[in-house]
Amino acid sequence: MRRVAYRLFRSTSTFQYRLGRQLTPAGKFALAALVAAAVIGFDTNRTVGYQVFTLLAALLSVSTAWSGGFRVRLDVRRVLPRFVTAGEPAAYPVVIRNGTARPQRGLVLLEDLADPRPAVDEFLHAREPGEERRNWFDRTVGYPRWAWLVARKRGAAIAPRPLPALRPGDAGEVVIELLPLRRGRLAFTAVTIARPDPLGLVNGLVRVPLPGSLVVLPKRYAMPDLALPGARKYQRGGIALISSVGDSEEFASLRDYRPGDPLRRIHWRSVARVGRPVVREYQGEFFVRHALVLDTFAGRPESHVFEEAVSVAASVACSIQTQDSLLDLLFVGPETYSFTAGRGLGHTDRLLEVLAGVGPCLDKPFRTLHHAVLERYASLSGCVAVLLAWDQPRRDFVRHLRALGVPTRAFVVSEPAALEAGAGHEVHRLEVGRIAEGLAHL
Amino acid sequence: MSTPPLLLGAAVLFWGWATGLLLPAIAVAAILEGARAVPWRVDFSRRDFNRVSDLCAILFAGSAIYLFTAVGGMRVVDGPRAITVLFQWLPLLAAPLVACQAYSTAGTVDLSVFFWTLRKKAADEPGASSGALDLAYPYAALCILSASAANVRTPAYYASLCLLAAWALWSRRSRRFSSLWWGTSLAVAVVAGYAGHLALHRVQQKLEEVAFEYISGLVRRDTDPFRSTTAIGHLGRLKLSDRILLRVEPAAGQGAPILLREASYNVYKSPAWFALGAGFTPVQPEAGGETWKLAPGPAPETSVGVSAYLNRGRGVLPLPARAMEIDGLAVVRLSSNRLGAVKVDEGLGLVTYRVRVGPGALLDAPPTDFDVGVAAAESVAVAQIADELELASKPPAARLEAVAAFFRTNFHYSTYADQPVGGAPLEDFLVRKRSGHCEYFATATVLLLRAAGVPARYATGYSVQEWSPLERRYVVRARHAHSWALAWVEGAWRDLDTTPPEWVDAEAAGVASAFEPVSDFLSWVVFLFSRWRYGEGWDGVGRYLVWLLVPLVLVLAWRLYGRRRIGRARTEAARGEPAALHPGADSEFYLIADRLAVAGLGRRSTEPVSTWISRLEEGHAPVATDTLRQIARLHYRYRFDPDGIGADERQALRARVEAWLAAPGTGRG
Amino acid sequence: MPSQETFQRLTHSIDTVMKGQAVAIRKLLAAFASGGHVLLEDYPGTGKTTLAKALARSIGAAFKRIQFTPDLLPSDILGVSVFDQRDRAFHFHEGAIFTDILLADEINRASPRTQSALLEAMAEGQVSIEGRTLRLGELFFTIATQNPVEFRGTYPLPEAQMDRFAMQFALGYVAPEEEVAMLSAQAQRHPLDDVTPCVSTDDVLQLRRSVKEVRVSDELKRYAVDLVRETRTVPGVQLGASPRASLALVKAAQALALLDGGAFVVPEHVQELAVPVLAHRLVIDPQARFSGVTARGIVEEVVKKVPVPS
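Chains as they are written, first to last, in our numbering: chain A, 1 to 442; chain B, 443 to 1111; chain C, 1112 to 1421.
Each statement offered as a hint is correct.
No more than 25 Å apart at the CA atoms, straight line, and that leaves these computed lysine to any residue pairs for SDA-like: (1) C/Lys1416 x B/Val1040; (2) B/Lys836 x B/Arg850; (3) C/Lys1415 x A/Pro93; (4) A/Lys28 x B/Pro447; (5) C/Lys1415 x B/Arg1046; (6) C/Lys1416 x B/Leu1038; (7) B/Lys563 x A/Ser414; (8) C/Lys1415 x A/Arg78; (9) C/Lys1416 x A/Gly172.
Stretches of chain B that chain C covers, calculated by requiring three or more beta carbons in the stretch to come under 8 Å of a beta carbon on chain C: (10) 1045 to 1057; (11) 1082 to 1088.
Simulated from the structure, these hints should not be mistaken for lab results. Predicted model, so just to flag it, every value in this text is computed and none were measured. Cβ atoms here follow ideal geometry from the backbone N, Cα and C, with glycine treated the same way.
Kindly produce the complete structure, drawing on both the sequences and the hints.
Take a look at the structure:
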């Protein structure tokens, strides 16, 4: 039953997509008016709506006849930015060069993204959140599930853009506005050039394959700066670490010169006073390191709660001032991953790119993350945990960390209905759908 | 509004012309197009739009209820018809919302205005907007489709439609093609559309002819608008309803005619009467198209006024006996037959006419063989009774009286009961039961008269009995449907009604209900409205309706006027300070720039000259770029050197530019 | 020597070493002649050191190179007073900054304190150390470099300090043909070794004086200011370019005009230098950065928006 439904949805969506591209906005309006006229003019004795129907049908047919023979050769090049953010509009230029011998006017540029439709298996096995609440018909046929899967995979909304008039050999530039809808990688497959017919109803289409991809960072919320408590801790690593990150000018003490000390360490004023070489000694390895722990144990491949948790983690990563501290992102995927960022904005970029690609972990238990964090606890000054539930393993994790003396702030992201009973002062609760409020009230 | 100027107004006027609501259309068109002329706009909030949308919804619901339920039982305004009228009114009902959009600062309407769920969502998240809709083009389309519901069957509709479509398409045409292509495509589409709709109409007519009986048997109860047959029981069923069908106004100072006849029949074959040998011939109207003479000779002044509903504009006219002329009947085709039935082939849903009755009416033809025959089935019983009454021996006038007395004394009236119509109902009636309703009485009378040698016909129609104090005229209800006999005596047809007079009350008792006054009132209101609608002029209901709308509109306008009005942001003519005259502003180089701009090779405003020249080179423009560069160098010296340009260089610039401009072509040199 | 010739000789001389980098050489010389400093942000191995050395050797000027490491101290750059036990007095040993052409490699790896020591000195043209003020050389010119790939352990230059550099540009990888030619050229010996001084320091100072005399019309000054002002109002920019940027733009445009042999500035010069001079001074809002907005993109947009006088 579902397989039949799947095939039906697939073919209808293909038809709908093609129709949507083939018709200009005026053409879509004409089609809607055609249907209305068909309904109204059904009885040709009662109304003259059938005249409207035939006129519109004739106009659309003439336009369709025009749309057949459109050929053009244009060189198209996209200049994609490094990344964009989900939910925030972005723009990028596209350079088009007219390679034909005739001036090209009145064309429209459409971007083709990767196909958002799910495969058969995915459709059969995916479970839409809240599916149990739908009525029997919806559940059997599965259209809401289909719609949800397609909406999830649809990477971005890009509106068609009219091209400027291009002389032969001339190059023009248009700015395409893009609204990315979800995090991850946005894949472009091709560019379609559309030419409306003289009446302006139906487009002739030419597809120019032009692959490209763009990283879409997760959506971030505004949140106040997290005051993470934490003492500066001794970081193992010695000279190598000092040279990479170390705060290497922490003047500790003066001591006598030992042969082999670099001459630049000699403190001349003390030499003048004391009469023998004296050297400055530095201690360099103390600074602040925080951990951002992301709970990836969502239990199902597609989870709205997980997406919001990633957004919360991204917001935290942006709000922590990493000018003079390090931030470790820890999460468990196929393996345990730890990414360190710090010392300036450039690293937050990397962190967000990593978060853009994070997926839920389905095969390991929560203990894996617990152990991974415990391995590093000694070097952590503080910890921020973004959790997906507040059940026993997670409670144990947070309490254990706190017992070890690592100040921890825990956020629990959950559905509004699924708030488990738990100590309100231990964690911050964030409800899906009202996260912005929850974060603003920290 | 996003439509080209005046297109929306034209569409509204077109709608007004087609539906006959021209005055409201002019008002709406003026309001909508006036938005272009006034410089201010009102800042409508979402709540304002919601309120206006609710107002439109209430108007719509009110009109729908009014058209459907109040008029629902009427013979003419059944379900689909009410929809048609409602649809024709739609542009007027939606006009407030579109006017709000026209005068709002936003210029579009939020989708949440139309749907309750979206409104709730908008209330939860005040920031998010659920999509904006521009109502201009949809409203124009609505006007055109509404106009189609008005059923204007002349080519004027199609021509106007094509004109409006062309106007709308012209503004959105693709600049890529020349206007010639556009015009050709449009012409092809117009012609194809025309051929298409003719074909479509023909197809439907063919279908209707073929399937007429099948469809009509399923859909319509009243299968015979032209009353070519009537079965016993037909009127009986009609009597079960209480609704008002006709309204009769007698001549001043005179009483109403008792009987209004619709049709008469001459052949009885149980259980139905047939009108044989009575084909319809058209009646020619007098000059003016509203007066129809049914019989030659001058017509008397006094007349009886009748208002009747015609189903789909077709039906027979109830007429009093000896009708000579019908006045004030604005229908397209009228025809009559020898048996005195007058039918309207193409007319309006409600007709009001005045009938002049005169002695010399010859509408009914003299009797033929049909009028004296009695079928075999009944002949025995009838002949027997005729013998009993010794009708043959009496003079013709006395025979009528005898027959009437016979029925009066021996029979009593009983209302229509569901008896199986089969067997020999008339025999039962005459011999055994001796009670029945008017159809039995009339049929028996006709047969008896024929058996007595008097040519007789069977007539059906209505009996005018009831005076309505509310309407101050006679109203004829469905239960007043009646049949009687026509007898040919002394060279004229005379009515003979043998049904016991108590039939009126008997029927009334069976059907009258407590709601009668209410439904009568509603029926009257609908009648007034229908009269106005079918072109009776502005008297009566029309004026009242307008007065009802005016205060509503005034209230709305007053509330809106109190709003803040925001001046429409004028596009600033000049940005910033006026362009100071900079050195070198009179350089001849600009002539070259203008010349190239005209040829489509102009310099972009953010492009310096040498970049522009390089771009021309790359694009293989037919321009001598080397000389252009030299000229540009001189021009730059003139413009950007604070020390200014030497006189000879200035001269050289001028000379070179002239040489360049004079070269053949666009500076090919 | 007339300035035009100075320019040509320098260009030619550097070009023998850095093939295929005509655009970069042009910008470098424009910055050099206008008295500003240059920041090169480029991948490792593209020839930044070679460029600085080539310039120094062409002039015959003193050249020093500092490799910035996280443990670099300000005293390593500026100098230190050493106590001599024999005379029991402090002698000031000058740091690497006291030179004509300074190459500060990987400037973003040093701590902010060290960075600011260098940048203050660059800005003021003098060094204040232990109560004494020492002027730097008249010809003092800094080329700072940094890697664009942000590794762990770098301190990006603070915005106020970025403003001290007149221009930022990149060398980039050369065209394949040029790279092949480079391989052939360096087969035996490095072309740098063959560079001999072709102009003197006096010629360079004369060049700088000539640059100041290049004429600029008010209209073009206004155009430069319009460009800079526009960068302040573009959405997504937290901090736009300062008036220092307008100054740098006009000066560099003068140098470029002189390089092209003109006596006055034309709009093309201003447009050509807009991105190198302005882009690195802008601070982009983090939210906008994550939506793909770049400083270079903004400046290009501004150039396309502001109408150019013609």
